[in-house]
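Same order as they appear, the protein sequences are chains A and B. Take any residue in the first sequence, note its place counting from 1, add 20, and you have its number in the numbering used here. Take any residue in the second sequence, note its place counting from 1, add 20, and you have its number in the numbering used here.
Honestly, I wouldn't trust all of these hints.
One copy or any two copies: either way a pair holds, since identical chains are not told apart in the list.
[Stated by the list, open to error] SDA-like cross-link-like pairs, simulated, lysine to any residue; straight-line CA separation at most 20 Å:
hint : residue 1 : residue 2
1    : 145       : 106
2    : 159       : 95
3    : 107       : 47
4    : 147       : 134
5    : 58        : 164
6    : 49        : 107
7    : 107       : 144
8    : 49        : 113
9    : 164       : 42
10   : 164       : 60
11   : 49        : 105
12   : 43        : 106
13   : 173       : 85
14   : 49        : 110
15   : 145       : 47
16   : 49        : 114
17   : 145       : 83
18   : 147       : 109
19   : 49        : 169
20   : 164       : 35
21   : 58        : 96
22   : 107       : 149
23   : 43        : 177
24   : 49        : 106
25   : 164       : 187
26   : 164       : 61
27   : 107       : 170
28   : 159       : 87
29   : 173       : 149
In case anyone wonders, no lab produced these hints; they're calculated from the structure.
There are 2 protein chains.
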Amino acid sequence: MPETSETKIIRDTDMDALNLVAKIIMAAKHGALAAFEKNGRFPHISRIQISTSDDGQLITLVSDLAPHTACMREDPHCALLIGETGKGDPLAHPRMSLDVIAAQVNRDSAEFNAIRASHLARHPKAKLYVDFPDFSFFKLAPQKASLNGGFGKAYNLTEEELIAAITSDQD
Amino acid sequence: MPETSETKIIRDTDMDALNLVAKIIMAAKHGALAAFEKNGRFPHISRIQISTSDDGQLITLVSDLAPHTACMREDPHCALLIGETGKGDPLAHPRMSLDVIAAQVNRDSAEFNAIRASHLARHPKAKLYVDFPDFSFFKLAPQKASLNGGFGKAYNLTEEELIAAITSDQD
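The following block holds chain A by itself, in its conformation from the complex:
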């Protein structure tokens, strides 16, 4: 049922909510990234690829030519929407909005190869461009999230709950 003023807006996080978070993260191949644009009067939004890392962060692969790459370098505070829609009312399908902090993964870092391998496992077609000099991996470290499991099913997730859900995806 739709929310009404009488509905309790945020529910207590239970196992069902945590399982839904893990399911959304495991299925996420892309998301919408919102970012601040330098001196921009409007927020920036664009579609990005998503995978996960061993240490509970979300990963994206971006080109220097894409405006969101400049945004993330300028101000790492971003927001990410993940969760697919399906048939019927798009608002009846679960989705999650995460506050994330973006940081580029250094090509010489110890973790680079593991991130590259797990990202390509989720995105085999990215093999075509992953090694182009203008492409970089960014970690998107989750700070908190709002899960909307469908009408009237809203939950707030902590950083710890998100990291646990993302690392469970690596098993």
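Knowing the structure of chain A, use the given hints to seat chain B on it.
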């Protein structure tokens, strides 16, 4: 093929690009809305319903309980991502990022009934909650957009081109 530094980044807008814009708008039932949150250190992002109006604006139906409604009332400068993904690389599928200005549709205005009717035609299930007192329609007036038709196919769209594409959807 992926973009490289040698690729011309923004192409000239031609009929194929305009047809793609019209196709994305006609198919859009939902989108990701990026908005500024009052005193927020992160941008806000959430999924919203989308339809179109006779006068070339995008329309959404939102609840007072949703945080994006407060964001749009506080600062109408928002960004909207529309365009579905499908099989394969999510970045190979066309999508469009629009700068929009949000404005609530007054329930007593002459246009309210036409907007309500055309929104329900695209979202029949919204009949369940459209008349709840906490739900409102907002117009999202397009200012400009960036169309990404797949790797290497980027175009900039003007307000006039967007309004023409949206009104063609009404025919």
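Status of the hints after comparison with the structure:
1. Taking identical chains as interchangeable, the C-alpha atoms of residue 145 and residue 106 lie at most 20 Å apart only when they sit on different chains, with a minimum of 14 Å there against 24 Å within one chain.
2. Taking the shortest alpha-carbon separations for residue 159 and residue 95, only the intra-copy value of 14 Å comes in at or below 20 Å, while the best inter-copy value is 29 Å.
3. For the identical chains of this complex, residue 107 and residue 47 are neighbours both inside a copy (17 Å) and across copies (13 Å), given an alpha-carbon limit of 20 Å.
4. For the identical chains of this complex, residue 147 and residue 134 are intra-copy neighbours only, at 14 Å inside a copy versus 49 Å across copies, given an alpha-carbon limit of 20 Å.
5. Within a single copy, residue 58 and residue 164 get their C-alpha atoms only as close as 24 Å, which misses the 20 Å cut-off; across copies the closest is 17 Å, which meets it.
6. Taking identical chains as interchangeable, the C-alpha atoms of residue 49 and residue 107 lie at most 20 Å apart whether they share a chain (19 Å) or sit on different chains (11 Å).
7. For the homomeric pair residue 107 and residue 144, the shortest alpha-carbon distance between copies (12 Å) is at most 20 Å, but the shortest distance inside one copy (27 Å) is not.
8. Taking the shortest Cα distances, residue 49 and residue 113 sit within 20 Å of each other both inside one copy (16 Å) and across copies (13 Å).
9. With identical chains, the CA atoms of residue 164 and residue 42 are at most 20 Å apart within one copy only, with a shortest distance of 14 Å there and 36 Å across copies.
10. Taking CA atoms no more than 20 Å apart as the test, residue 164 paired with residue 60 passes between copies only; the shortest distance there is 13 Å, against 25 Å inside one copy.
11. Taking identical chains as interchangeable, the C-alpha atoms of residue 49 and residue 105 lie at most 20 Å apart whether they share a chain (13 Å) or sit on different chains (10 Å).
12. Taking the shortest alpha-carbon separations for residue 43 and residue 106, both the intra-copy value of 15 Å and the inter-copy value of 19 Å come in at or below 20 Å.
13. Taking identical chains as interchangeable, the C-alpha atoms of residue 173 and residue 85 lie at most 20 Å apart only when they sit on different chains, with a minimum of 12 Å there against 38 Å within one chain.
14. For a Cα distance limit of 20 Å, the shortest separation of residue 49 from residue 110 qualifies both inside one copy, at 18 Å, and across copies, at 7 Å.
15. Taking the shortest Cα distances, residue 145 and residue 47 sit within 20 Å of each other inside one copy (17 Å), while across copies they are farther apart (26 Å).
16. With identical chains, the CA atoms of residue 49 and residue 114 are at most 20 Å apart both within one copy (15 Å) and between copies (16 Å).
17. Taking the shortest Cα distances, residue 145 and residue 83 sit within 20 Å of each other inside one copy (15 Å), while across copies they are farther apart (39 Å).
18. Taking CA atoms no more than 20 Å apart as the test, residue 147 paired with residue 109 passes between copies only; the shortest distance there is 11 Å, against 35 Å inside one copy.
19. Taking the closest pair of Cα atoms, residue 49 and residue 169 come within 20 Å of each other both inside a single copy (19 Å) and across two copies (18 Å).
20. In this assembly of identical chains, residue 164 and residue 35 lie within 20 Å of each other by CA distance solely inside one copy; the values are 17 Å within and 43 Å between copies.
21. For a Cα distance limit of 20 Å, the shortest separation of residue 58 from residue 96 qualifies both inside one copy, at 12 Å, and across copies, at 18 Å.
22. Taking CA atoms no more than 20 Å apart as the test, residue 107 paired with residue 149 passes between copies only; the shortest distance there is 18 Å, against 33 Å inside one copy.
23. For a Cα distance limit of 20 Å, the shortest separation of residue 43 from residue 177 inside one copy, 14 Å, qualifies, whereas the shortest one across copies, 37 Å, does not.
24. For the homomeric pair residue 49 and residue 106, the shortest alpha-carbon distances inside one copy (15 Å) and between copies (11 Å) are both at most 20 Å.
25. Proximity of residue 164 and residue 187 under a CA criterion of 20 Å is satisfied intra-copy only: 16 Å inside one chain copy versus 39 Å between copies.
26. Proximity of residue 164 and residue 61 under a CA criterion of 20 Å is satisfied inter-copy only: 12 Å between copies versus 25 Å inside one chain copy.
27. In the homo-oligomer, the alpha carbons of residue 107 and residue 170 lie at most 20 Å apart inside one protomer (13 Å), although the nearest pairing across protomers, at 25 Å, exceeds that limit.
28. In the homo-oligomer, the alpha carbons of residue 159 and residue 87 lie at most 20 Å apart inside one protomer (17 Å), although the nearest pairing across protomers, at 26 Å, exceeds that limit.
29. For a Cα distance limit of 20 Å, the shortest separation of residue 173 from residue 149 across copies, 16 Å, qualifies, whereas the shortest one inside one copy, 39 Å, does not.
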